[in-house]
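Visitor: Residue-level listing of the chains:
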Amino acid sequence: MKAYDVIIIGAGVTGAAIARELSRYKLRIAVLEKEEEYAFGVSKSNSGIIHPGTQNSHCSLKGRLCVQGNRLVRKIARELGVDFKQTGELIVAFNGEETGRLRELKREAEMLGVPGLRILNKRRLVEKEPNLSPEAVAALYAPTAGIISPYRLVYDLCENALKNGVEIHTGCAVKAVGTAGGEFSVLTAKGEFRSRFLVNAAGLFADDVAAMCGINDFRITPRKGEEFILDKKLENISRHLLFPLPNKISKGVLVIKTADGNPMIGPTAQDAADKEDLGTSDAGLKEALDGARRLVPSIDEKDIIAYFAGLRPAAGDDFIIRREEKVPGLVTVAGIQSPGLTAAPAAALMVRGLLRDCGLVLKKKLFFRPRQSEIPHLFSLTFKAAERLVKKDPSYGDIVCRCEMVSAKEVRDAVKRGACTMDGIKFRTRAQAGRCHGSFCTARIMRILAQERKLPLTGVSKRGKGSELVKKDRADV
Amino acid sequence: MSERELVIVGGGPAGMAAALSAYEHGVRDILLLERDQYLGGILNQCIHAGFGLNYFKESLTGPEYALRFARRITDIKGIDVSLKSFAVRLTPDKTLTYLKPGRVEKVKAKALIMATGCREKTREMVHIAGTRPAGIFSAGLAQKLINIEGLLPGKEAVILGSGDIGLIMARRFILEGARVKGVVEIREQSRGLTRNVVQCLDDFDIPLYLRHKISRVRGRDRVEAVDVARVDDRIEQVPGSEFTLECDTLLVSVGLIPENELIEMAGVPLDKKTNSPLSEGLNETSIPGLFVCGNAFKVYDLADSVSTDSLEAGRMAAVYLRQKGEGR
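Top to bottom, those sequences are chains A and B.
With the first sequence counted from 1, adding 1026 to any position gets you our numbering.
With the second sequence counted from 1, adding 27 to any position gets you our numbering.
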């Protein structure tokens, strides 16, 4: 049994941002994550958009935290060395009626304090976005929209929290929560954890965790989004994030720029049967393609190199972030669907305040170390910089993944920083994420992972127990 | 930066044949780059026999076939082999950047032959609905895991696509004591060689489902089953024809794509459908003195044909260099 001041359930972007924020203070903190690695739940299938705050009601929590988060995330990205890029977004109108709706959106967003909004006419639109459909007539331009790698943000938040004394326990699913005697007793797959304060940031399972604490007034309904990734060759097919106005034909399929360069189209939106249903469908593919082509007609099915589905943890229309009067010391952070990634740093500040209201004493540490060193990626360096790196450490010149140009050194570093699965290495380094999908590099990466983690090759998994890649090693027989 | 008469990228059957032939036609300054630690390329993992029937008039395994070329290459002083060398950038003036452990090198080539082979199409390129668990492999990766790494990917496999690698892997799985539940092919006929259909499927009673597709992958962490459905003449799924095959592994063998990202970087136009360079004649590209041979030029059925056409690439590079020298 271990005792803490605060336990946070969930190491997605919300839990990670809260953990990092609280690590500024003299507190004993533990994060409990049910998956093998951070960000393996809702966060890993995020679109990676830092929203400006243009599609939320000005009186919603979503809207307020989104605008605040958009400001905060820049500083965090700088401190952590994560690749935030301000690309701007265009919400595109296809007729006069829609142009009218753009004006409404603009008004609402300005009430929230979204800066720099402009309505662009057709002529400006063609200049700004040459591949946009000729049917587009106007657009709302929001310059503060941007992109970030959602999983790399979570990894860096977690790693920085670790550096500042937070414990993160993975493979640590919560089974029960006891609330007797002014203390929480959290029973997990890895034993009992105790604390005076508890933050429920359990994503899709926030309602289950709430129920364990005796809170039964909300349900998480998973809403599926399918997304399709395009070849990196099309990196410049759009200069901005492109949004339609939701209408009868399309619910809002976007053309997205990503931190890795590959454009992405989607997401679809469909209520899912269960919280683990991550299948894609032929209908989803069609919907995404039709929607994306409405914005950029030259997008072709052949350009798709990968696809996935994610589940949004919806709990009604807005976020639920509150302290539970019924259970003193418990803070709920649930229903964090879009714009949850953007809002996370703001949500963390809000949770800090709620915990203080519950009686948590916040004393700043003398030394908080806000910075993480930037992780170099060969594919994004200049020739000179790459040369210096390879001279310094020869294993940078030992290329493992040829499609994305990832070296043995980068793979080893990813494992040293915490990757323990093939997907964990993929999300950190992009190795296996290119056009051959690991056909050429999987065997090599398996060996590096097994060696670094002292695992048998039969123990190397895609994303944790049950997803081992191979069944038998002849060397073991 | 160094300068070379002829640089060849890729030490598989195409690159080796091109190097030998260029040497025989008088080129004396040849740099052959290979990213692996051995020459031979993909042949090293093709341990089945049947290579060389046309070229050597006898049946060899892949490694044996490769060794016949590799031995001759290492005997020739004028061919400089650089292993663990990974080409990363190519400019239109034929300047190539490559990485080696500890070094970044730049070389300007008077003539350049790209023998970079091909890659397999993946499940991502032929949208298959359903989940994305562990246990889905390209047939070539499964071949490498078994033949090079000594690892068995699964115990009950279904194979999508009847390309030669898929057929060969069906037999390989059986020989390793695994089961193969079937090969699913959307076309009316197998896309592999007849001899492979007979020797790899018929001889082991493996069912071949022609005009069928995989309509769904099932399983959360590991593949548990695939749904198979019949398709009609317009490749539309026939309602009610679905059946489920339980398996822990899905091998995907749905075709090959030439690897031409480097020449594309240098501005050579590619055929959007095949990824081959748009070309006037065999092994040629839009840039004079830049040649492409083997599976990078077009996907061949037999390694023997790769060798024959790549010999021609070596000769073409030699002629180009001679003419360029005379013109000076």
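To be clear, the hints were calculated from the coordinates, so they are not data collected in a lab.
Please note that the accuracy of each hint is not assured.
Computed list of lysine-lysine pairs in DSS-like fashion (alpha-carbon distance at most 27 Å, straight line) [claimed, not checked]:
1) A:Lys1497 x A:Lys1442
2) A:Lys1259 x B:Lys127
3) A:Lys1491 x B:Lys127
One-sided and incomplete, this derived list gives chain B residues near chain A with beta-carbon spacing under 7 Å [stated by the list, open to error]:
4) Leu87
5) Arg130
6) Val134
7) Asn174
From the three backbone atoms N, C-alpha and C, an ideal C-beta is built for every residue, glycine too.
Visitor: A separate judgement is required for each hint: does it hold in the structure or not?
Guide: Hint check results:
no., hint, result
1, A:Lys1497 x A:Lys1442, "25 Å, holds"
2, A:Lys1259 x B:Lys127, "25 Å, holds"
3, A:Lys1491 x B:Lys127, "36 Å, violated"
4, Leu87, "24 Å, violated"
5, Arg130, "6 Å, holds"
6, Val134, "14 Å, violated"
7, Asn174, "11 Å, violated"
Of the numbered hints stated above, those contradicted by the structure are hints 3, 4, 6, 7, listed in ascending order.
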